[in-house]
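K.L.:
Take the given structure of chain G and dock chain S to it, following the hints.
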Amino acid sequence: MELNEDGSRWSAWRVAARLARRDAMRSKGRTALIAVLVALPVLVGAVAITLFASATPTQERQMNWVLGPSAQARVTWEGEAPLVQGLAIDAGRVGYYVPDERVADLSESLPVSVVEERILAALPPGSTLDPTWTVGVRVSGPATAREDIRAMEIRTDRVPGLVTLREGRLPESVDEAVVAAGVGIPVGSIVEVAPIAPVNVGIEPVQLHVVGVYDVPGAEAGLMAPPGAILDIDEVGARYWVDRPQRAWFVDGPPVVWRDVLALNEVGAHVVSRAVMENPPPAEQVGYHDWAEDELSYSTAALSIGGAVIAFGLFELVMLIGPAFAVGARRNERQLALVAAVGGDRRTLRRIVVLGGVVIGGAASVGAAAVGVGAAALVRMFLNAGYAYTIPEWDVPVGALLALAALGTGLAVAAAWAPARRAGRMDVVAALAQRRTLAGPRRRTSAAGVGLIAAGLAAAVAGAIFGVPALMVGGVVSGLAGMVMLSSGVLVLIARLAPWLGPAGRYAARDALRQHSRTAPALAAIIAAAAGVVAAGTYLETKDARDAAVHREAVGEGRIVVRATGDANPAVVTALEETLPLASLTEARTATYARETLTESELEAAGWDMLWLSVTSTPDPERLCPLHTDTDATPVDMAAHANDPRCAGDGANGDPTTMLPWSNGVPTIVDDGSLVAQLGLAGAADAARALREGRVLVRDPSQVWGDGHARLEVTLYDYLEDGGDDGRTAAAVTLPAAVTSLPIGAELVLPPEAARELGLTSEHAGYLGVPARPITYAEETQAREAVEALDAETWVEVERAYRSTSPYYYSLLLAAAVVVGAGATGIVLALSSAETRPDMATLGAIGAPPALRRRVAAAQAALVTVPGLVLGSVVGVAFAWVLVLTRQQESGGGSWPFAVPWLELGVMVVGVPLVVMGGAWLLTRSRLPMIRRLTD
Amino acid sequence: MSPDFDTHPVLLRMECVERSHGDGPATVHALRGVDLTVRMGELVAVMGPSGSGKSTLLNLAGGLDTPTSGTVSLVERPISGLDGKQRARLRRRSVGYVFQDFNLIPALTAVENVALPRELDGLRVRTARREALRSLHDVGIADLADRFPEEMSGGQRQRVAIARALTGPRRLVLADEPTGALDSTTGEEIMAVLRARIDAGAAGLLVTHEPRFAAWADRTIFLRDGVVVDATQAATGPASLLVGAPGDGPAGPWS
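Residue numbers (UniProt numbering), protein chains in the order written: chain G, 1 to 936; chain S, 1 to 255.
Extracted from the complex, chain G is given alone in its bound form (with noise of 0.2 Å):
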């Protein structure tokens, strides 16, 4: 009998793909089950990608949109400061900055001719230059006033290079105009166009005509019309002012080189650069990137929970996919008896079934991504027909794709790994004579599972404490896999209390554990979803808790603060008496410099805003803490000081969490009395009697000597002069001083006549407004609208008390928990219906009643919810306190607590398993089967 030697090795794989991809077409339900569990994430995941791709543009494309198709290059000027550039373009420019801001800051007024020469001189021979000017401007027309345009003046020959011309036609004379679509204007409308404040000083708004409307790309400009349509560059350029116009020039000629870009970066100027753009310098050349173009980072924490969160997700789908294949290996049981029985060894057996995933999963997720990819389509279509190039380009990401649709596979092939390995290890010879062989879960298999839970703990929490983000990923990742060889073990467990339950939840726990590799996915993706749950729970009540400990009051609760910058404007007092119910309106003011105290030089500091002030406090060094000031002190030196006052506390009242709101840039509160007596907090009427009694209130201790003054020095930091290096002592003075609790902050608050005494006046910093009742959100929201339409720098907040915004989370917790606790439990009784048929035909045999059946079914869904749910809490706690852990490690010290969110704990615990016993109750038919069927 000579044997056949002369097979490829592929025809035995080829055999089992036929058997599985028949075996798939032929189980269509269990088929269609996989295929979605699969399908769904593969699905959401190519929609998100091939947007996202589509959605970012190349650099190549947003070259184009900078320079448009003939242009070499763009050059903007920023001043007369030298300035170091990057390479990568993002919103129509690189990123850059000026080592030397004080420059740039000086050198507006040249005019645009001679920064015209300077940026010849430094381009290649033979460069021309082509102006064009960007302006924030207003826009009023017919049904239109916005001030958030961006208006540029180009030669009209570059526009359609630069964007598509959806309507219209473009500008012909100087009062035409083209508005992008997202402007809302209409070809035919007459619009008045002026720069905004403050470059609109002397300039007269102009009317312009809209001939045309554009699709914008690169989302520039709002407006484009011809050079001089909209201002004197010359004029507007010669004033220093904070929005200042861009200056850019188109450059046309020979390739503008790395070495002109450094060159013009010399003059003040940045480029983008077509030549650079396609032979870009070595990195060591370029002087500036930005943080896209470095590897992004991210913090730890954020990095475990993502990786746990993505896991958790993955172990949760196969999970639920895995009884799907267990019940298909069950039943085709005697087919793959029959495979052996012709020659076919355990690994054949083993490959019909992992072929089975490859053949569904793979199937429903290359479709999946299929779809995935038209569905894009259609969300770009959608999106770009209301604003075009909200998603400018098509790139379907292909290789993302698949390796998309390789995890996807991968996720059905891991979920038929164990019925796979269950299918190998069968008895061939029971499984032909159809004898139901069922193998008890292995005991070792539950001990290594605690063993793997209890390592994959101790290595998130090794994770958590040093930093290490894969050890902890892979912690919880090892914990998951722990709880899935446990899930079997706890069946056992159940299936012990099997005597003292009814009927009902005896036949649903031993059929549980007789059909373990069914019944144990379902629980394990039942206690991993209910451990993600608690784990996220804890972790946001955790976070609560800590919020609430550190939430300080400025004032009072339900106090308004406004928070002004400039002078007291009498508009803003009238808006918010018309808008908010005031008992009161206090204003609060600022130290600052009394302007005949300063020098020349520093007068005109002052005059660029470039001369700051700082008010300090000399604390008593017979009144401070030896251990503070001493850095090599010794436990023998912190016990003799240990009853010693002066160490009780960190040298202040506490850590000033808050500082009064006004007290920002020039932290010196200048006040009779009068604000802070109002700030409705205790210890402020203390306070505001000793600034009555003209005494300056300090927050340390320390800083009101024996004789109960404190020593103030006033400090001037002329930064024109010599960049803020030496301060100038301008006064030193003693003055009588408190001590108050409240939370002022660092610095200090002055009496009027203290702050005289030191040189400084006082200027208008905002108020303080005591409510006549109550302030609703849209009142406030209201009161803030009309103060910002008079000043947008102006702010009105209204102090609440700290407000969670967990409970919203908590219910999507809740309903996250409930989705996957009834689609487990769903997956289970439907696989299940049809083994447990002949028994409930067994039961209707012997008079059971019809309600039987459905009392099994509730009980089977209590079987896994419970203990799934208990289980998992258990481990979702331990997650969230590796967690907690890693964020006490990250802040360094205590200040997270740990806090478990007992009543939505319990109330997942008891109520999710009644919600799907419920389901359970009623979605099953109470009918028993009469007649018992044995083929399979």
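Hint data in this document are derived by calculation from the structure and do not stem from the laboratory.
Among the hints, a few may not be true.
Covered, in the sense of this in silico footprint (three residues per stretch, anywhere, with C-beta under 8 Å from a C-beta of chain S), are these stretches of chain G [said to hold, decoys possible]:
| hint | region |
| --- | --- |
| 1 | 458-465 |
| 2 | 872-883 |
Here are the simulated distance ranges between beta carbons [as the list claims (entries may be wrong)]:
| hint | chain 1 | residue 1 | chain 2 | residue 2 | range |
| --- | --- | --- | --- | --- | --- |
| 3 | S | Q233 | G | A430 | 47 to 57 Å |
| 4 | G | L40 | S | G84 | 36 to 46 Å |
| 5 | S | G154 | G | V398 | 51 to 61 Å |
| 6 | G | R496 | S | A26 | 20 to 30 Å |
| 7 | S | S69 | G | R496 | 32 to 42 Å |
| 8 | S | P49 | G | V915 | 54 to 64 Å |
Taking beta-carbon pairs under 7 Å as the criterion, some of the chain G residues facing chain S (in silico) [as the list claims (entries may be wrong)]:
| hint | residue |
| --- | --- |
| 9 | A12 |
| 10 | V15 |
| 11 | L19 |
| 12 | D23 |
| 13 | R26 |
| 14 | S27 |
| 15 | I196 |
| 16 | A341 |
| 17 | R425 |
| 18 | V428 |
| 19 | V429 |
Please read these numbers as outputs of a predicted model, since none were measured by experiment.
Each residue gets a CB set at the ideal place from its N, CA and C atoms; glycine is no exception.
P.N.:
Below, chain S alone, put in the same frame as chain G:
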């Protein structure tokens, strides 16, 4: 009519084979010291009441099961020492099973079912299919090659199973009640097919509890409680049935 097989090569040899399940007082002895030889061209029937060890004998013969003691040799090669993989290869290349029912894999067509062992053995699809078609032709149903099992009658399905059992280099059929699920006419047809295939150059071990089918065999052995209690050179052919009613044991018309 009974030929002399002594000179033919031995395909299956079982020597002193024992098979017991469980241990201690609960031990069940399925087979006890069974000796059996099947030679080329020979069809041996195994008869006996339920639980006598017939199916165990067949499982041991094909390497699906391993004896507790004794040796089983296929083509003079002991299979006791072989691992699972080697025994699977043996089933692909040397022996074929025919069961009472559910012989065929429902997801595969007739020709694919027959080609299955050859494809598992690594043969190219086309070659395996060609061989399978020849086997189907030999059992008279080449025209049903592309039908799925549920599209065929019980008798046709058993023919496919016989074709599969003897496809490629396989020369030993192990048939477990192959006619058990068939009506008597079809059963006779299947026995005729089996006999013809064996006469064309193979051997067979047939488990049956119906003497009229055992009568197709060259000889019959009787098992009771795992022991061969009798063996006979059967008068072959259905005509022997006319001699007398079959007894429930060795005390039949053949003794």
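K.L.:
Look at each hint and say if it fits the structure.
P.N.:
Results of checking the hints against the structure:
Given as covered by chain S, the region 458-465 of chain G fails the check, having 0 residues with a CB less than 8 Å from a CB of that chain where 3 are the minimum. Check on the region 872-883 of chain G: 0 of its residues sit with their Cβ under 8 Å from a Cβ of chain S, so the three-residue criterion for coverage is violated. Taking the beta carbon of each, Q233 (chain S) and A430 (chain G) are about 35 Å apart, not inside 47 to 57 Å as hinted. The hint said 36 to 46 Å for the Cβ distance between L40 (chain G) and G84 (chain S), and at roughly 39 Å that hint holds.
Range check, G154 (chain S) to V398 (chain G): Cβ separation about 52 Å, and the 51 to 61 Å hint holds. Hint check: R496 (chain G) to A26 (chain S), Cβ distance near 24 Å, so the stated range 20 to 30 Å holds. Our hint of 32 to 42 Å for S69 (chain S) and R496 (chain G) holds, since their Cβ atoms are close to 39 Å apart. Take P49 (chain S) and V915 (chain G): their Cβ atoms lie about 57 Å apart, and the range 54 to 64 Å holds.
The criterion of a C-beta within 7 Å of any C-beta in chain S is met by A12 (chain G), whose closest approach is roughly 5 Å, and the hint holds. Look at V15 (chain G): its Cβ gets to within about 4 Å of chain S, closer than 7 Å, so that hint holds up. Annotation: interface hint on L19 (chain G) holds; nearest CB of chain S at approximately 6 Å, less than 7 Å. Against a cut-off of 7 Å between C-beta atoms, the interface hint on D23 (chain G) holds, since the closest Cβ of chain S lies about 5 Å away.
For R26 (chain G), the suggested interface contact is upheld, since its CB lies about 6 Å from the closest CB of chain S, less than 7 Å. Violation of the interface hint for S27 (chain G) is found here, the shortest Cβ-Cβ separation to chain S being roughly 10 Å, above the 7 Å cut-off. At about 74 Å, the closest approach between the beta carbon of I196 (chain G) and any beta carbon in chain S exceeds 7 Å, and the interface hint on this residue is violated. With its C-beta approaching chain S no nearer than about 5 Å, A341 (chain G) sits inside the 7 Å limit, and its interface hint holds.
Taking 7 Å as the C-beta contact cut-off toward chain S, the hint placing R425 (chain G) at the interface is violated, the least distance being around 10 Å. Annotation: interface hint on V428 (chain G) holds; nearest CB of chain S at approximately 6 Å, less than 7 Å. Contact between V429 (chain G) and chain S, as hinted, is supported at the beta carbon level, the nearest pair being about 5 Å apart and thus within 7 Å.
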